[in-house]
Structure formats: structure tokens, C-alpha cells
Amino acid sequence: MNVTDLASHLEQRAAPSQPILEVRDLVTHFPVRNGVVKAVDGVSFTLHRGKTLCIVGESGSGKSVTARSILQIVDAPGRIVSGSIMLNRLDGSSVDLAGLNPRGREIRAVRGREIAMIFQEPMSSLSPVHTVGDQIMEVLRLHLKMSRKDARARCVELLTQVEIPKPDAAVDRYTFEFSGGMRQRVMIAMSLACNPSLLIADEPTTALDVTTQAEILDLIKRLQQQHGMAVMFITHDMGVVAEIADEVLVMHYGKIKESGPVDTIFHAPKDDYTRMLIGSVLKLEQKAEIRLRRPPIPEDALPVLQVRNLQMHFGSLKAPLKAVDDVSLDLKPGETLGIVGESGSGKTTMGRCLLRVYEPQGGVIDYRRTDGSVVDLLKADAQTLKACRREIRMIFQDPVGSLNPRMTVAQIVGEPLLVNGIAKGKELDDRVADLLSQVGLEPSWRERYPHAFSGGQRQRIGIARAISLNPRIIVADEATSALDVSVRSHVLDLMMNLQDRLGLSYVFISHDIGVIRYMCDRVAVMYRGTVVETGTAEQVCDAPRHAYTQALLSAIPRPDPRARSIHNRHRYTAA
Amino acid sequence: MLLFIAKRLLWMVPSLVVVSFLAFVLIQLPPGDYVTSYIATLAASNEVVDQNTAADLRARFGLDQPMIVQYFKWITGIVLRGDFGISFEWQQPVGDLIWERMALTLVLTFSTLLATWGIALPIGIFSAVKKYSIGDYIVTFLSFLGLAVPSFLLALVLMYIAAVEYGQEVGGLFSEQYLTAPWSIAKMIDLAKHLWIPVIILAVSGTASLIRVMRANMLDELHKPYVTTARAKGLSEFHLLLKYPVRLALNPFISTISWLLPNLVSGSIIVAIVLSLQTAGPLLLQSLMSQDMYLAGAFVLLICTLTLVGSLISDILLALVDPRIRLE
Amino acid sequence: MTDTALASIDTKRLAVASQWQLVWWAFKRHRLAMVGLYITIFLYIIALVPGFFAINDPWQQNARAAFYPPQAIHLFDTAADGSWAIRPYIHPYVFKRDPQTLAAVYSEDKTRKSYVRFFGEGYEYKLLGLFSTTTHLIASENKAQPIFLLGADRLGRCVYSRIMQGAQISLSVGLVGVLLSLTIGVLLGGISGYYGGRIDFAVQRVVEFVLSLPSIPIWLALSAALPQDWPATLNYFMITLILSLTGWAQLARVVRGRFLSLRTEEFVTAARLDGASEGRVIFRHMLPSFASHIIASVSLAIPAMILAETSLSFLGLGLQPPTISWGVLLREAQNIRSIATAPWLFAPGVAVVIAVIALNFLGDGLRDAADPYNK
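So the protein lines, in turn, are chains G, W and H.
Just so you know, the first sequence maps onto residues 426 to 1000 in the numbering used here.
Just so you know, the second sequence maps onto residues 604 to 931 in the numbering used here.
Just so you know, the third sequence maps onto residues -12 to 362 in the numbering used here.
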């Protein structure tokens, strides 16, 4: 170290906001059979004490590997190839984490003590066979050499801090006895155990519902202020970024596309990719243009589907789980009816009942056929049901699981035509080619298997299968939830185009208000098996009447750092 | 937990009833009965037995009654009085013949189980952690070999080597002077000296398959997110390995008792026949050959009961170590 | 840049690769499994035409050749003048009796050569049970001088030829037995997994029960029940049936597990909503998804079956002579005095070990490759 370096070093030390972490030209590779995957490819950034840095990117952008590289806990066979990760301590000492032996004593002393980390799946990230207390006390005993008794007392204190009810008892319980949000609180308590100066959070709220997400974000914010921690937050959700970030790093295919203060990123993005990303998010903040242009659906049109008092219970007769409890809905021809709710609200079960995938215990599902006759699907015999299922089709959530990996695309899309005896041989082949081009896929790809397609393309195959029988109604169950945000709006646009061309009605099930607002004419909000509110999309999204809807909407982070709102959210507790 | 054990114990009852019936039917299956084969033996030495004597014999052993009656008599005798009937061939109560042999079978099986675990557990962990290392390949190859060599063949090869190289007879569980001697400390030491050979022979195939099981379990667990969490806490590799993945991989390992035990018992029967051990195997084979049905029945019943108890124990152990099962 | 070109071809082939192609590609990378596959194919060829691979009639007794030691084939024939040719031959053994112990002693006679011919004439046998032929892979030019590659047993029967012949029974018992178990297992496992509920519960209890029973005592009791005077074929089928009575449970468990997890797969629901009949859902959509798993389980069950037959026959409760199986052959090695004089009687055991290892390698590779989509 020469004199000028030393001088600037001292200067830095004196500066109030000395960066806690300086990453320079970080490169992390994963050797694979035919080459290497450059998961992180020359990433540099600086993180200041007490600040929040968000790393945002779509799947495969390398954001998570960047985070793991800092603690050198990248899964095998990945390894840091080059670059430096300087950790600057308050006492003025610095250490290059990238230069340490990943199994050595020095890096282990940093992990969990100076830099702590929390993960996406709190269930699988905690051991199911060790108690919560055991797993938290372990950190205390390891780094602070606390006695068992002290560690336990501190553990209860930590659980109190993260607002876990009855912390004394919770210490001795197992993770599967907690809900998802509570488990993430346990993870946070564990990470806070040694008062780290940096918390790395790897998609900590992705697996959670929005209301739970809002609580966890609040908690992290509050703890950050109390402890003066820096937070590095990995997420794909631009809303969350806008809500919590000081600085933002946009990643794409292992490289940094843009970085800067959150306001600049959202309001004056320079990079094309960033602009595209923010554009697709903002697009879902309002109604789709082709829907704004469309004339409203006549009020007096007879509903094509009328659901009355639907009941669907699971489990034993003595203590049934009422997944769908007295639900009534109408679906008009040409309309998109959104069903919105959090996990466990019964929206998926309800959608499946419409096609009698499950056998509901009670209620009526009246379907008006083209000739004007009305069939109650719940009482229909096998033949009628089969005929009606040709007209009411379904699009599934999981683009991987919903396509048989052992059949070619032609076989998958052609299956309904074949089994219903509509087309075979050359004619079937032509029909499949036509269907594929209708959903924007190359007809020559029809001999390929699903594994050759990306998530968005797979979902298009699913749509082609759904429209192959010229249906009148399509039940779309979280059709875009598994897709990256930039792909999402394309699939939604395709669905609306098809709707206008083929005169479809959609029952559109989603947990994502943005998607609902973009696409739907009317919305029903479900909560614990019941519909709490129904109305036009504008009314429900902008002026919700029911307290639950208000709570739900206010918990959604808006993709605008100038309109941070979730800390002012409504809270709803069921009566 | 108590409820779980109680439920599981209750399930044993129908299983035991079925097993006892199965054992009885099995030994009833051969055409003819002990008297027929007894007469055949006598005929071989030119003695002629007339029909009346045969009928008398049948009546004396109760063989002329319908099967279900015979079963009922048999099972009530066992349950109420611990009376397993009379061995036709030995002309002694079955109970006098089997207990020592069953006890030795139990000792042999249990020692083998412990040996199998003791060897397979560390090797399986090593093999998974050092996946695709030279050590892993050697272990993998040896375990495949161990799976492929039938235990009786291994016993024969060992006997051959002992006979040709050292001029010794391998076999039996006791030295000659202890064979009929009453139990004493010296006899137990003598047993331990003899026991290790059959234990090793029997442990080979079980160890081989358990190594495969443990390796696969460990490989599943090693990449679970909670391992990354533990690493992010700053635990050392060795410490976190033992505390998390090994601990979780043990659960499916414990449930292997329920299939390992039947295999061990089966294997021990053949090996015991080859090495002429004083366990259940040789006597069972002999009694089956001569249709000495109460003796054979008692062995089949007790051996099956032994393995059923084994799977009961494994279920209870599993519930003890896995809170997910215990708290359900 | 060739790398990228290669990769793009790869992706193109990958895009249209069916399940079986993907499984095959994954399997091919598993080197031990490929070795296992080759050996297995070779063994089953032997099992198909054992007579062709045999040298001497496997049932032919030869009092003059009791415990005849194995002979090695010499490939290069050196003539007296030093010239040589590739002409395989063996040195015959001369039989003597030790004057003191009266034990048989064989000594190699280096002066005499007995030539060996490939695809030569030998004893008459039926190829595939249909055509009579006398062609063998290896035959002795001199009919009076038989070749004992792996020696002879106490009755002077050729151990090598008997192993070849035994392959037929031993390997087919595995196959037939597993097919029987598979039928029972798939039927019960399928019913259990497909219908679920009480049927599932009942079948599961039965499966657990069968699995918790030790197989050997039950096999022993069952085979002791077989009359000794039954014809060989009937005896063979009864033994295979007995072996599969306990073997089905494991397969039923695999099938049920697959069925249960597939039943809730979205693509199965989708097929049902497409209007596919129950039969089509099961056979067109579900069956292909676990066919590869079943094949893997089957290939792992065959070696177990072979070992079981060997053990039973070894104890004298399985197949009975004159039927030849590896287990029956190993009965000759039961006596410590026999193996001390003629250690080559272990050779059938080596055959068992090779077959079982090869099948295990094969099955292990298949199991690893069985699901090319879950990566």
C-alpha cells in the first residue's frame, strides 16, 4: 500500500458512508458438459452502510448467483473465476471475500456473523427435523460462544423481535408447524442473531402472498433501521424494488444492464433492456388498449355460464375443508371474468369445479349451449358432459406439467381433435399447423417435444390445445403466473386477440391484480372459499368496497418509487 | 406418539393372525402327511405298516381332523400354553427344540444388522460426499460385487479357503467341547469367536445394498436448500454435514430395517445350512423335507413374527426421529 | 466456432428427440451400464442357443473323466522346425491313480496335441428346439479326445458345457419370474394407485405384509410342497411362480407410487378434459410416463430372481436334476471334499456373479436414465 492509497483509505474511513461492500469484476462460472455457463459475467457494484440495494432481473439473469458468490456458497460445480469482493469493516479493516478459501475458517467467520442471508423457500431452507430454537441457537453458540441458557434467552428475544406469537413456546417447535410467513420470520430471526452489518435476501417474499409479503418487507425495513444494516435484496418484482430500494442493479444474462438510484432507474432509464422491463411492468398497471377500445358488453346479454351456490369440500365429513363455499357467478358471452385471491382462497378449486375435474357437493352450474338450451353441468350425464367439455376448455398454470413431455407438440395439440373424432391423418396435421400459427408458433415446430420450448412458448401450446375444439369458454388458471414479466403481457395480448376473433369468454383466475386489471371486464374477489366482492374491473381495482379487497390492493407494491404506499396499507382480519 | 405406537401395535394383531394361518397352510400343503412319509421310510427298510396302524397313528397325531380344526388346536395351544405341539421326527415337544436355535438366530441376525449398519453408514456418506472420486468408484464397484455374490457361495468360498489354505473346518457356532455344554461365560466367548464368520458373510450383501441406499439418500439431501442455509450460517463443512444431511438421510435409512431384516433372516437360513450353524435354518430345512409339520410350522411362524416385529420397531424408531411423522 | 455449430445440431436433434431417445442418450453416457448391457445381451444369446456354445453333451457322463481338470487352449501351434501357425490346440491330461492314496491324479501330456476347431462338428443338439444340428462354436477335431475347458465334475460331465446349458434355465427363470411378478404387480399396483381410497389402503396393507415376510422360509415351505415326481417343465413353472409370489410386492409399490403421482399431473387432467377415454388416458398418457421406470425396476428384479433360483436349487428344493441350472450345478460344490479336489466346480458361481453384476449395472443405468425430464 503506497502513501496516496493509505491517505485515501484513511479518508474513506473518516467518510460517513464508507461502502460496506465493493464488488469488482466478479465472474462466476458453472462448468457444464459442453462448455461453461457464465452465470455472473463481470459484475461490479458498491453497497453502502444502512442502504438497500436491489438486484433485479428475470429468471436466468444471474442475480441469485451474484448474491451467493459473496458468501462463496454457490452450489457445486459453480465457482468464482475472478474479481474481488471487498468487505470493509467498521474498525477500518478490509477483507477480499473472493480470495478466501470457501471452506476456510476466515470466510466462515464472516458468514452468519457479519453477512447473513435469507432465502426464497423458508420451508425447504430450514431443516424439518430440528426445532426452530435449535437452528437459531446454533448461530449464537457458533459465533458468539454463548452458553445454552444465554442462547435460548437471546433466541426468544429474537423471535419476539420478528413478532412471532408466543416466542417461549415457538422455540421448541418445528418449522412445518408454522405458516409460510412465520417461517420467513424465523429465517429473519436467525439471520439477525449476530447483528450482521449486511443482510442478503434472495427473493425472500416470492413464495408468499402479497399481504404476507408486505408484512415481511415492513419487518425487514424496521429491523434495518434499528440495526443499521445494509440490505442486498434480490427480486424479480419491480413493484418490490420501487417500494424498498435505494439503489438498483438491473441484471440480464449475467451482466449488469444498468445501475443507479431507484428514482433514476424507474423514471429515466437509459438502457433498452431496463426500459423494456419497466415498460412491461407499467403496461400491466392499466387496462389493455384493445380492451379500452372495445364496446362494452351488453348488460342484458344472457349469461353463457351461471354458477349458483357452488359447494366443494375436501377431507372428512366431520371436519370438512370448505375450499369453495357458496359461490355464485355469472359469465357473459365475450366477457373476461377475473377471479382474484391469495393462496388458499379456493379460486383454483372453483375453476376446476366448472369443468367437473372435482365433483362439487352442491350447487348449480348452468351452461347455455349454442342452441339456447341450458345444461346443469353438475347433473349432466357422461355424454353431455363430454360434449360440453368440448366447448368449455382449460389453460393450466404450469407450463411444464401441463404438457405431456413424451408427446410431440402435434400430438398434444391434435389430441382433442383426434379423440373427439373431428380430424385425423393429413387433415389433423393441417389443423394443427393452423392452430400453431394462430398462437404465434412456427407450424414446422410441431414435430418437436415440449422440452424444446421456453415457458412462454409452452403456454402458447397450451392455448392452441384449448382453442382446437372451437370452444366458447376457456377457464385460464394462473395462465401467466409462471412466466417472466416481459413474456407475460405478450401471452395476455394473444389471449385477448383470440377472444375477439373466436368470440370466447374467459374465466381468468389469478393472484396478480395487474394481470386482472389489464385483461378482465369484471372481477370476483375470493377469500377463504367465498366471493367477497364482484364488480367491474375498474371498480374493484380502483375503488374496492370490501375491506378484504382494500387490504389486498393496498398491500401490492406499486412500480413507482415516488408512490411508496404499502406501509400505509389497510389490514384485514377475518371476523 | 403413544397413540401412534398403540395404533401400530394394533395392526400387528391381524398380521400375526394371517402369518400364523399362512404358516399352517404352508406346511399343510405337501400331499400326504408325516405318517405317509414315516411309512415310506419304514417301507424303505422293508417294514410293512398296515392300514390300521396308519389310521391309529393319524388319530393319535390328530391328522384325521379337518384342517381348520387342526389349525385352531395348534394356535390355541401356542397362544394359551406356549405349546407348539410335538415333533413327529424327534418325538419331543417342539418347544424344547426351537428356543435355543431361535435365540441363536436372533443373536446372529441382530449382530449382522449392527455390522451392516456400522459398515454401510460411513461408507455411504463418504461415497456421496466424494461423488465421482476414485474412492467412490471403488466403493460402488465393491458394493455391486457384494450384491451379486450369493451369500451361500461366499460361505462356500470361505470354507474352501479355510480348508485348502489352513486345513481347518469352518462352520458351527461353537467349538466341540461347548456344543452340548450348558451356557456359561466361556461358552459365550466361544460363540463370539465363531460368530464373526457368518456375520461377515451375511453382512456383505446387506451392506452393499445399504451403501447404495445411503449414497442415494445423501445425494438427495446434499443439494437441499437447508444445507445452503447451514453453510451461510458459517458452520464448518464437517459439522453441517453431520448435523443436517446425514441426520435427514438417516430417516429413510431407518426404514430399511423393515426390508433388511427379512432379507437377513432369509440369507441366514441358507448360510446356516451351508455352515451347519446351530440356528433355525438347518432344522427348518430338515423338518420341511420330512414333513415334520409342527416343527416346521413353529419355525416359519416365529421367523415371520420376528420380521414383523422388526418392521414394527423400524416404524416406531422412524416416528421417534422424525417429528413430521410423530406430530401428525 | 465448430463448437457452436455442433451445439446447434445438437439442439435441433434434441428438439425432436422422443422419450426413448433421451433415455438412450442418458443411458449411453453411463459407461458401466453400457458394459452391463453388452454382457447381458451376450448372456441371453447363450441362453437362446446354449447347444451352439457347448462343447460336450452336458448330460453325457464319462467315468474316465471324473474331476478332469480344466484345459487351456493354446492359440499358436509351433511345429518342430520352429515355424508357427494360428491353430488352437490343447494338451490332453493323462489319468493315473496314486498307488498309495488311490486318489485320481491327472498330469498334462505336453507331447500330445489335440486340435480345436471353431464352428466344428460335435454332438447333435436342437437349435432353438427346432433344427437338429451338430455345429458348435468350439469342437474337438479328435472325437475321442473331448475338451474340458472348465474341467469335469465327479461324473465326468463337462462343467463348461453345463454352464452354457444352465444359462438357459437360470436366465429364463429370472425373466419369466419377473414377467409373472410384473403382471401381478402392475395389476394390483395399478388398481391401487388408480382408484385410491379403500382399495388402495387394502392393497397397500397386503403389499407391506408381503414385503415384511422373509422370502426363503416361505419359498422353502412352498417348494417342499411340490411333488418330487412332477415333470421338469411343470416343476420349472411352479418354481418361477413361487419366486414371483413374493417378488410382485416391490413392483406393485413402484407402479402405485407412479400412478399416484401421475394422477394429479396437469397433463393427465388435460387429457381427460380433451375427451380422452379412461383407457386412452391410462395407456396413451400415463403408461408411457412410467414405462421406463418399470423397465428399470424389472431389470433390477431379474438378478434378484436369478439369485433366488440359485439359492433354492442349491438347497435341493428348487429345480431338480437332470434339469440343469446354475443353482443345480452349484449343488456339486456343496461338499467341501469335492471343492477341495476340484475348485473349478465354483465356475457356475462365477457365471451367476457375472450375470447378476451385469444386470445390476444395466438396471442401475436404466434407473438413472429413466426420467430424462426431471433434471
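Incorrect hints may have been included.
[Stated by the list, open to error] These stretches of chain H come out as covered by chain G in the derived footprint (C-beta under 8 Å, 3 or more residues):
#, region
1, 131 to 140
2, 258 to 264
3, 287 to 296
[As the list claims (entries may be wrong)] Taking CB as the label site, the calculated pair distances span:
#, chain 1, residue 1, chain 2, residue 2, range
4, G, S484, H, V3, 45 to 53 Å
5, H, W12, W, I737, 48 to 56 Å
6, G, P527, W, F744, 53 to 61 Å
7, H, W12, G, R647, 51 to 59 Å
8, H, F63, W, L748, 31 to 39 Å
[Said to hold, decoys possible] Computed list of lysine-lysine pairs in BS3-like fashion (alpha-carbon distance at most 27 Å, straight line):
#, chain 1, residue 1, chain 2, residue 2
9, G, K708, G, K743
10, G, K570, W, K610
11, G, K747, G, K476
12, H, K15, G, K851
13, W, K846, G, K574
14, W, K827, W, K734
15, W, K734, G, K463
16, G, K680, G, K591
17, H, K97, W, K733
18, W, K734, H, K(-1)
19, W, K827, G, K463
20, W, K733, G, K463
21, G, K463, H, K97
22, G, K757, G, K712
23, G, K680, G, K712
24, G, K804, G, K747
25, G, K743, W, K733
26, H, K83, H, K97
Don't read these hints as lab results, they were simulated from the structure.
Predicted, not measured: the structure shown is a model, and the values here were computed from it.
Just so it is clear, CB atoms sit at the ideal spot from N, CA and C, and this is done for glycine as well.
Tested hints:
no.	hint	verdict
1	131 to 140	violated (count 0)
2	258 to 264	holds (count 7)
3	287 to 296	violated (count 0)
4	G:S484 / H:V3: 45 to 53 Å	25 Å, violated
5	H:W12 / W:I737: 48 to 56 Å	26 Å, violated
6	G:P527 / W:F744: 53 to 61 Å	31 Å, violated
7	H:W12 / G:R647: 51 to 59 Å	53 Å, holds
8	H:F63 / W:L748: 31 to 39 Å	34 Å, holds
9	G:K708 / G:K743	48 Å, violated
10	G:K570 / W:K610	44 Å, violated
11	G:K747 / G:K476	45 Å, violated
12	H:K15 / G:K851	36 Å, violated
13	W:K846 / G:K574	21 Å, holds
14	W:K827 / W:K734	16 Å, holds
15	W:K734 / G:K463	24 Å, holds
16	G:K680 / G:K591	45 Å, violated
17	H:K97 / W:K733	53 Å, violated
18	W:K734 / H:K(-1)	32 Å, violated
19	W:K827 / G:K463	23 Å, holds
20	W:K733 / G:K463	25 Å, holds
21	G:K463 / H:K97	69 Å, violated
22	G:K757 / G:K712	19 Å, holds
23	G:K680 / G:K712	33 Å, violated
24	G:K804 / G:K747	21 Å, holds
25	G:K743 / W:K733	52 Å, violated
26	H:K83 / H:K97	16 Å, holds
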